[in-house]
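Colleague: Protein sequences appear in the order of chains X, D and Y.
Quick note on the numbering used here: the first sequence kicks off at 1 and runs consecutively.
Quick note on the numbering used here: the second sequence kicks off at 1 and runs consecutively.
Quick note on the numbering used here: the third sequence kicks off at 1 and runs consecutively.
Treat the hints with care, since some could be wrong.
Copies of the same chain are indistinguishable here, so a pair counts whether it falls within one copy or spans any two.
Unchecked claim - Calculated lysine-lysine pairs in the DSS-like style (CA-CA distance at most 27 Å, straight line):
#1 10 / 197
#2 209 / 53
#3 133 / 154
#4 35 / 343
#5 343 / 197
#6 198 / 154
#7 35 / 94
#8 94 / 198
#9 324 / 198
#10 209 / 154
#11 338 / 198
#12 197 / 94
#13 154 / 197
#14 338 / 324
#15 35 / 53
#16 154 / 53
#17 154 / 339
#18 197 / 35
#19 324 / 339
#20 339 / 94
#21 35 / 209
#22 10 / 94
Hints were generated in silico from the structure; no laboratory data involved.
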Amino acid sequence: MRYTQEDLEKMLAPRAVAGVCSEPLTGIASLELAKRGDISFLHNQRYATQVAKSRASLLLLPENFPASPPPDTAYLFFANPSLALGILCEIVEKTLEIPPPIGIHPTAVIARTAEVHDAASVGPFCVIEENVKIGPHTVVGAHCCIGPRCVLGKCVRLHSHVTLYRDCELADRVILHSGVVIGSDGYGYATEGGVHKKLAHIGRVVLEKDVEIGANSCIDRARFAETRIGAGTKIDNLVQVAHNVIVGENCLLVAQVGIAGSTQLGNYVVLAGQAGVSGHLRLGDGVQVAAQGGVAEDLDAGAVVRGTPAMPIGMANRYFVLRKHVPELFRRVEHVEKKIAAKDAGGVSGAF
Amino acid sequence: MRYTQEDLEKMLAPRAVAGVCSEPLTGIASLELAKRGDISFLHNQRYATQVAKSRASLLLLPENFPASPPPDTAYLFFANPSLALGILCEIVEKTLEIPPPIGIHPTAVIARTAEVHDAASVGPFCVIEENVKIGPHTVVGAHCCIGPRCVLGKCVRLHSHVTLYRDCELADRVILHSGVVIGSDGYGYATEGGVHKKLAHIGRVVLEKDVEIGANSCIDRARFAETRIGAGTKIDNLVQVAHNVIVGENCLLVAQVGIAGSTQLGNYVVLAGQAGVSGHLRLGDGVQVAAQGGVAEDLDAGAVVRGTPAMPIGMANRYFVLRKHVPELFRRVEHVEKKIAAKDAGGVSGAF
Amino acid sequence: MRYTQEDLEKMLAPRAVAGVCSEPLTGIASLELAKRGDISFLHNQRYATQVAKSRASLLLLPENFPASPPPDTAYLFFANPSLALGILCEIVEKTLEIPPPIGIHPTAVIARTAEVHDAASVGPFCVIEENVKIGPHTVVGAHCCIGPRCVLGKCVRLHSHVTLYRDCELADRVILHSGVVIGSDGYGYATEGGVHKKLAHIGRVVLEKDVEIGANSCIDRARFAETRIGAGTKIDNLVQVAHNVIVGENCLLVAQVGIAGSTQLGNYVVLAGQAGVSGHLRLGDGVQVAAQGGVAEDLDAGAVVRGTPAMPIGMANRYFVLRKHVPELFRRVEHVEKKIAAKDAGGVSGAF
Numbered sequence: 001m002r003y004t005q006e007d008l009e010k011m012l013a014p015r016a017v018a019g020v021c022s023e024p025l026t027g028i029a030s031l032e033l034a035k036r037g038d039i040s041f042l043h044n045q046r047y048a049t050q051v052a053k054s055r056a057s058l059l060l061l062p063e064n065f066p067a068s069p070p071p072d073t074a075y076l077f078f079a080n081p082s083l084a085l086g087i088l089c090e091i092v093e094k095t096l097e098i099p100p101p102i103g104i105h106p107t108a109v110i111a112r113t114a115e116v117h118d119a120a121s122v123g124p125f126c127v128i129e130e131n132v133k134i135g136p137h138t139v140v141g142a143h144c145c146i147g148p149r150c151v152l153g154k155c156v157r158l159h160s161h162v163t164l165y166r167d168c169e170l171a172d173r174v175i176l177h178s179g180v181v182i183g184s185d186g187y188g189y190a191t192e193g194g195v196h197k198k199l200a201h202i203g204r205v206v207l208e209k210d211v212e213i214g215a216n217s218c219i220d221r222a223r224f225a226e227t228r229i230g231a232g233t234k235i236d237n238l239v240q241v242a243h244n245v246i247v248g249e250n251c252l253l254v255a256q257v258g259i260a261g262s263t264q265l266g267n268y269v270v271l272a273g274q275a276g277v278s279g280h281l282r283l284g285d286g287v288q289v290a291a292q293g294g295v296a297e298d299l300d301a302g303a304v305v306r307g308t309p310a311m312p313i314g315m316a317n318r319y320f321v322l323r324k325h326v327p328e329l330f331r332r333v334e335h336v337e338k339k340i341a342a343k344d345a346g347g348v349s350g351a352f
Numbered sequence: 001m002r003y004t005q006e007d008l009e010k011m012l013a014p015r016a017v018a019g020v021c022s023e024p025l026t027g028i029a030s031l032e033l034a035k036r037g038d039i040s041f042l043h044n045q046r047y048a049t050q051v052a053k054s055r056a057s058l059l060l061l062p063e064n065f066p067a068s069p070p071p072d073t074a075y076l077f078f079a080n081p082s083l084a085l086g087i088l089c090e091i092v093e094k095t096l097e098i099p100p101p102i103g104i105h106p107t108a109v110i111a112r113t114a115e116v117h118d119a120a121s122v123g124p125f126c127v128i129e130e131n132v133k134i135g136p137h138t139v140v141g142a143h144c145c146i147g148p149r150c151v152l153g154k155c156v157r158l159h160s161h162v163t164l165y166r167d168c169e170l171a172d173r174v175i176l177h178s179g180v181v182i183g184s185d186g187y188g189y190a191t192e193g194g195v196h197k198k199l200a201h202i203g204r205v206v207l208e209k210d211v212e213i214g215a216n217s218c219i220d221r222a223r224f225a226e227t228r229i230g231a232g233t234k235i236d237n238l239v240q241v242a243h244n245v246i247v248g249e250n251c252l253l254v255a256q257v258g259i260a261g262s263t264q265l266g267n268y269v270v271l272a273g274q275a276g277v278s279g280h281l282r283l284g285d286g287v288q289v290a291a292q293g294g295v296a297e298d299l300d301a302g303a304v305v306r307g308t309p310a311m312p313i314g315m316a317n318r319y320f321v322l323r324k325h326v327p328e329l330f331r332r333v334e335h336v337e338k339k340i341a342a343k344d345a346g347g348v349s350g351a352f
Numbered sequence: 001m002r003y004t005q006e007d008l009e010k011m012l013a014p015r016a017v018a019g020v021c022s023e024p025l026t027g028i029a030s031l032e033l034a035k036r037g038d039i040s041f042l043h044n045q046r047y048a049t050q051v052a053k054s055r056a057s058l059l060l061l062p063e064n065f066p067a068s069p070p071p072d073t074a075y076l077f078f079a080n081p082s083l084a085l086g087i088l089c090e091i092v093e094k095t096l097e098i099p100p101p102i103g104i105h106p107t108a109v110i111a112r113t114a115e116v117h118d119a120a121s122v123g124p125f126c127v128i129e130e131n132v133k134i135g136p137h138t139v140v141g142a143h144c145c146i147g148p149r150c151v152l153g154k155c156v157r158l159h160s161h162v163t164l165y166r167d168c169e170l171a172d173r174v175i176l177h178s179g180v181v182i183g184s185d186g187y188g189y190a191t192e193g194g195v196h197k198k199l200a201h202i203g204r205v206v207l208e209k210d211v212e213i214g215a216n217s218c219i220d221r222a223r224f225a226e227t228r229i230g231a232g233t234k235i236d237n238l239v240q241v242a243h244n245v246i247v248g249e250n251c252l253l254v255a256q257v258g259i260a261g262s263t264q265l266g267n268y269v270v271l272a273g274q275a276g277v278s279g280h281l282r283l284g285d286g287v288q289v290a291a292q293g294g295v296a297e298d299l300d301a302g303a304v305v306r307g308t309p310a311m312p313i314g315m316a317n318r319y320f321v322l323r324k325h326v327p328e329l330f331r332r333v334e335h336v337e338k339k340i341a342a343k344d345a346g347g348v349s350g351a352f
């Protein structure tokens, strides 16, 4: 990137401007890490004292922020500097992404019965099996494998190395990052005579519109019926969603989360990083589980929990503070016991 | 799928039948989620009250289940309804899987010295290196990379995007799901002068017969000798097995489990989701570790543990209940201390 | 492998030799698992008693180890037997690795503007996009996808199925194992009107020299600026590093570790298996986090912590011991309370 202050004022339309910076603007960085030539921003008042110290050449600031710029530095003021930054990033991103060519790369292997829309893009070395349907403006990156009867809507984006087993349904604007595996066999066995016999999994996976799934995450297909991820839900990297799980709409599943089989999540559920949820549970709308939390029972809508097994967060927070004083508590109880024993011993003689 | 009641009676041979359903049966669903046209089933008495409420058109029920079907609904009674469901699923599955064509796809790159059995199937874009041996009825999915000297037995199934580093040995009927990596370098370094120097790993990985490994799981090769997974062991998605680990037979390693280097597991060990086991440990036959448990010491055969670090499950369960009352315990101790202090103060005057 | 005792003496130059073994040496194994024909070694005094019992044909021992070999067995004595073993493994490894051919495999798809050094190797089915630069002696394994403008230094090694999104920078001698994904979109959304709107991520990932990253690990690119892994840092399998994280030099991130966004690690930080670090934190040089630990606040240089949320390790160890006695503590407090209540009741009469 390479912009002038003037370019930025045109792109972002600030409420007010103070100062002038002569240098070309070639990067974006936090207040602390920015160097000359960088754009920076204040998105959280807690970093306000860093504004004066920042070496950035141009800063995006809240409109009432009381500061005047040092020499050769420009301050641009906004109702919402984070939003302005977002707009800038989107403009820059468009210059970085090379739009993939429409059409099917000559190296791709496409089954005769697959229907790829003329306005779709299929990258090198893709393998697309029988009766797959791919909608318009959908981009299938290099090295993707799409199993029989999968249906991809409009504007879907598969990055490279995605695998879809059979019968997956991806609604419009689903984004899958590299290494994602959708629809693999659920982990289900019947143990007979000491042998784990594999159970047939005849269900499928449905990803509703606007779902995004991070790199190397896995969603198993249902034993029968569906594993389903609701519209607008965003899943981070290395997440495991087991067979028959139903995730509601607009949930956030942060990296390395695991959800065991047949569990159902409501809408707007947030599972922070490395959290786990046992099988066959119900988590209501808006449930939040703190990082590394382990949920082993149903949770009502709005519950916010922490710990393993998870407790209501207030209780967990109190407990985590007190936990450090448990050794002291043992000593205090021992002290009390001794006192009482002494009294007991002395009590006989009435000397207490 | 599309079956009539008559088809199902023929396929499943129920002990008894009650009621008649006229609709074609086109899906399978839980009692709660089933709609008209679905088959459902009772596999756990805890859901017995849902039978009467289910909208399913045909139900698989235990043979003595006291119920008569509503109009246009059929009940089929079995000694073991789960088994009947399993048989049905297997029949359906056969109609869903397209058997891969025998032979080597013309796009695959096969080393001159590799031996692929005539009855094996090698998919598009596979790369098979020197001295690999692939047995009969083995299916290598698209995009698999098989390193030098790997040996695959009979009826092995590699789904797409599997990587085998050099010298892996896969016995008959091993199944590896997409994204699995077997035989990568163990995580071993010698730190000399502040530099982590990579240690050569000259060992290999052996997967015994009937092992199944879920999507994106990783098994590192041994420093020397072997990392070995015993016959019949089933590994879920995103599991990590480090170098020199020996897993016994018929173990179950649930999703996101991690086992550190050189640890040995007996037979029938169960590690629930996200559990971790430290390095150089021995876990005896039948050990069970609850979800998110962390094992930091050897465990005798039959031990059932929970928590991090793991405790015997009875102790852990008691502790997890009492944990919630720890704040109260602090208050109780404080109260006792005050009482005693008051007595001490009053004790001088003998007023206790 | 197949060596004679004489071969080994030449390769390893022991300080002293005792005994003669006539068999060819064809494997390496631990003292306990070694069988006739194997080489074994004593690297830890705690296994000293196993030396006499080992069935190995040739042992590498510390130079002052007081033992004489049984019949047909050779003892080779070294100042550092582990080092001798390392040298042996390196020699063996060279015989196991087939050096990949220099040049670009004819099946690879290379953009016109990509610059691949003549002394580099690009494997089958690689996809290398516009303006990529690949240095000398770098090996790109089969099925790698390298996004626009990525720069790979000298002697870099990508194993198969690696994905680099755009603008990644890999310094000399970086090693990426199969399934690694570098530079995917950070997990960042702005929630407006209940909709999670994807934030543009215009930053990149920089991997400094001598970084190694294990199978199926993921490193997201920065929102702006960089996600950076410092020189000499070694990352195990299935690790998650989020957007804008800065990892220092020579750190060790063990399998299944997760680091949330914008966190900064100093040098020589060790995160043991399955540990997690929350976002926007600073961990000083030499911090160590025990397995499954969860770090939720900044840590000073040299801190060694354990537990979730993490405590100083001494405190955690005491707590984990006492934890088992918490049920007993409840009983003790109840006993004390009863005693006091009894005294209270009796106190009125002066009978204490």
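Colleague: Compare the structure with each hint and give your call.
Modeller: Quick rundown of the hints versus the structure:
1. 10 / 197: Cα proximity of residue 10 and residue 197: across copies only (24 Å, versus 65 Å in one copy).
2. 209 / 53: For residue 209 and residue 53, the Cα distance exceeds 27 Å both inside one copy (44 Å) and across copies (32 Å).
3. 133 / 154: within (11 Å within a copy, 34 Å between copies)
4. 35 / 343: The answer is neither: 71 Å in one copy and 67 Å across copies each exceed 27 Å.
5. 343 / 197: This pair counts as neither: shortest intra-copy Cα distance 66 Å, inter-copy 65 Å.
6. 198 / 154: between (36 Å within a copy, 18 Å between copies)
7. 35 / 94: Within. Shortest intra-copy distance 24 Å satisfies the 27 Å Cα cut-off; inter-copy 46 Å does not.
8. 94 / 198: Between copies only: 14 Å across, 47 Å inside.
9. 324 / 198: Answer is neither; intra-copy 46 Å and inter-copy 39 Å both fail.
10. 209 / 154: within (10 Å within a copy, 41 Å between copies)
11. 338 / 198: neither (61 Å within a copy, 57 Å between copies)
12. 197 / 94: between (51 Å within a copy, 16 Å between copies)
13. 154 / 197: So residue 154 and residue 197 pass the 27 Å test across copies only (18 Å; inside, 39 Å).
14. 338 / 324: Both: 23 Å inside a chain and 22 Å across chains, each within 27 Å.
15. 35 / 53: Within one copy only: 11 Å inside, 65 Å across.
16. 154 / 53: neither (47 Å within a copy, 38 Å between copies)
17. 154 / 339: This pair counts as neither: shortest intra-copy Cα distance 77 Å, inter-copy 73 Å.
18. 197 / 35: Close neither inside one copy (61 Å) nor across copies (29 Å); limit 27 Å.
19. 324 / 339: both (24 Å within a copy, 25 Å between copies)
20. 339 / 94: Neither. Shortest intra-copy (75 Å) and inter-copy (72 Å) distances fail the 27 Å Cα cut-off.
21. 35 / 209: between (41 Å within a copy, 24 Å between copies)
22. 10 / 94: within (17 Å within a copy, 60 Å between copies)
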